[in-house]
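Student: On the provided structure of chain D, position chain X as indicated by the hints.
There are 2 protein chains.
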Amino acid sequence: MKEKITVVKVGGAVVEDEARLSRLLSDFSAIEGRKVLVHGGGRRATAVASRLGIESKMVNGRRITDRDMLEVVTMVYGGLVNKNLVARLQANGVDAIGLTGADIDVIRSHKRPVKDVDYGFVGDVDRVDGHKLRTLIEAGITPVMAPLTHDGNGNILNTNADTIAAETAKALAEHYDVTLIFSFEKKGVLSNPDDEDSVIPLITRADFERYVADGTVVGGMLPKLENAFEAISAGVSRVNITLATAIDGRHGTMITE
Amino acid sequence: MKEKITVVKVGGAVVEDEARLSRLLSDFSAIEGRKVLVHGGGRRATAVASRLGIESKMVNGRRITDRDMLEVVTMVYGGLVNKNLVARLQANGVDAIGLTGADIDVIRSHKRPVKDVDYGFVGDVDRVDGHKLRTLIEAGITPVMAPLTHDGNGNILNTNADTIAAETAKALAEHYDVTLIFSFEKKGVLSNPDDEDSVIPLITRADFERYVADGTVVGGMLPKLENAFEAISAGVSRVNITLATAIDGRHGTMITE
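So the protein sequences, as listed, match chains D and X. Here the first sequence is numbered in the UniProt record's numbering, starting from 1 and rising by one per residue. Here the second sequence is numbered in the UniProt record's numbering, starting from 1 and rising by one per residue.
Note that these hints are calculated values from the structure, not bench results. Note that the structure is predicted; figures quoted are calculated from it, not measured. Note that beta-carbon positions come from the ideal geometry of N, C-alpha and C, so glycine has one too. Any given hint could be a false lead.
Chain D regions said to be covered by chain X (calculated; three or more residues, Cβ under 8 Å) [to be verified]:
| hint | region |
| --- | --- |
| 1 | 138–151 |
| 2 | 186–197 |
With the C-beta cut set under 8 Å, the calculated list includes, among others, these residues of chain D facing chain X [as the list claims (entries may be wrong)]:
| hint | residue |
| --- | --- |
| 3 | Ala49 |
| 4 | Arg51 |
| 5 | Leu52 |
| 6 | Glu71 |
| 7 | Met75 |
| 8 | Gly78 |
| 9 | Leu80 |
| 10 | Lys83 |
| 11 | Asn84 |
| 12 | Val86 |
| 13 | Ala87 |
| 14 | Arg88 |
| 15 | Thr135 |
| 16 | Asn155 |
| 17 | Ile156 |
Just chain D, same shape as in the assembly (with noise of 0.2 Å):
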């Protein structure tokens, strides 16, 4: 039987809230066994670019980033972000190590093509080399992931956090027992959107389509769930969409085959 780990993505209004990060921090350092932090920054980003005098361009809630906006994405997400994540982990006990896809080649990406939107420098994943994240994890030490790429000719590139969570599981895959948990700022998947406490407890591939064909999901979370399919098929064992100060797996929305 595979060795059990666990995912968690952790978005960026978490990370900007003391309170629900303390949390968050607290209960993550609570799981047992191997883990993974993945997480976001956006908004923390948008405030230092705005600070800066760099306007932030969004289309369907993706981040242009041109020049200027790599630099303070990389700054924000690698740096700021990253590095307090780790030294408040350490400080829990947790023995975190701070990653962009650049680091060990952990994360290589192409630049997305432009078709409609020219995104800029924004990477779209072509692998992540499960076997030297795992020489990390079996050391006992927990990645804790930025949501940048590389090209491996140099270049840094922005890949969403929801998608290095779920390419990450799924390089893990392979060999772990993989649960993946996508926190945010909702207690699950709701089937009114106007009701907090809505929330579908489980979702099969079959509920996923005729949900997106009735409109209950529509939005962010059509890519989310996306996201949590496509791991599921490529051997993640489960996806846990949840409240962020609710990582423990007993709650939320539950996503399998």
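Tutor: Just chain X now, kept in the frame of chain D:
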């Protein structure tokens, strides 16, 4: 006989000049065997701080690090500079990993006590974990170290890059035959500050004491040489002070007991 390792410290001025940086990275990549890169980034931090409306205050050549400046150096050293160096080394075929002291708890420090000057969030190094560094190095990984440490209580601290390099070299001396190279914008320690070619090829401890007494060694070179001799006393085999584009161990000033 111990295996050789080279620890190279590169200053902020080199990191910011594309032609020199490119040459340095190429030379560093060509160093055979185990190696570690330690970088500064002070000028870049000053520039980003200035754009954010934060004033850089220096005392005795050391940066006063208030809370705002700590955010800036965490972004610039831990993110912008570190991750770009890592990505570019990867492009050169060097399997680099970016580290602050918080990552795998590799450098623990304490906030410098306030005496005459309150340096703010500046960390004085307590210990470098040579064993953990060695685990990475023996896996064929090249650590790229930012001048940031942590206090074990969740706080990042700003730490002088020369100190990081010296302390890292000392911690590795137990396991390796260590060459420590301080690269900077001059050809070596000069006997005449107005003559760029007046490089002193070799400085022993006795020479150093004489040079301090007669005023040959002053300013920023003083702590650099003090660091060098401390490193030698702690088991580092040799220290080389040289131009950033001449890190092959055959140029500059060599320091020995």
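Student: The structure should be examined with respect to each hint, and the outcome stated for every one.
Tutor: Consistency of the hints with the structure:
For the region 138–151 of chain D, the proposed coverage by chain X is satisfied: 4 residues have a C-beta within less than 8 Å of a C-beta in that chain, meeting the threshold of three. Requiring three or more residues with a Cβ within less than 8 Å of a Cβ of chain X, the coverage given for the region 186–197 of chain D is violated, as only 0 such residues are present. Look at D:Ala49: its Cβ only gets to about 11 Å from chain X, farther than 8 Å, so that hint breaks. Interface restraint check: D:Arg51 against chain X, minimum CB-CB distance 5 Å, threshold 8 Å, status holds.
For D:Leu52, the interface hint holds, since its Cβ comes within 8 Å of a Cβ in chain X; the closest pair sits about 5 Å apart. For the restraint placing D:Glu71 at the interface with chain X, the shortest Cβ-Cβ distance is roughly 6 Å, inside the 8 Å limit, so the hint holds. With a cut of 8 Å, the hint placing D:Met75 at the interface with chain X holds, because the nearest CB-to-CB distance is about 4 Å. Residue-level restraint check for D:Gly78 holds (minimum Cβ-Cβ distance to chain X is 4 Å; threshold 8 Å).
Given the 8 Å rule on beta carbons, the hint for D:Leu80 holds: about 5 Å separates it from the nearest Cβ of chain X. Contact between D:Lys83 and chain X, as hinted, is supported at the beta carbon level, the nearest pair being about 4 Å apart and thus within 8 Å. At about 6 Å, the closest approach between the beta carbon of D:Asn84 and any beta carbon in chain X falls short of 8 Å, and the interface hint on this residue holds. Look at D:Val86: its Cβ gets to within about 5 Å of chain X, closer than 8 Å, so that hint holds up.
Hint on D:Ala87 holds. Least Cβ distance to chain X is approximately 4 Å, under the 8 Å limit. Among the interface hints, the one on D:Arg88 holds; its C-beta lies about 4 Å from the nearest C-beta in chain X, closer than the 8 Å criterion. Satisfaction of the interface hint for D:Thr135 is found here, the shortest Cβ-Cβ separation to chain X being roughly 6 Å, below the 8 Å cut-off. Given the 8 Å rule on beta carbons, the hint for D:Asn155 holds: about 6 Å separates it from the nearest Cβ of chain X.
A cut of 8 Å between beta carbons decides the hint on D:Ile156: the least distance to chain X is about 5 Å, and the hint holds.
In this structure, the earlier hints numbered 2 and 3 are contradicted, and the remaining ones agree with it.
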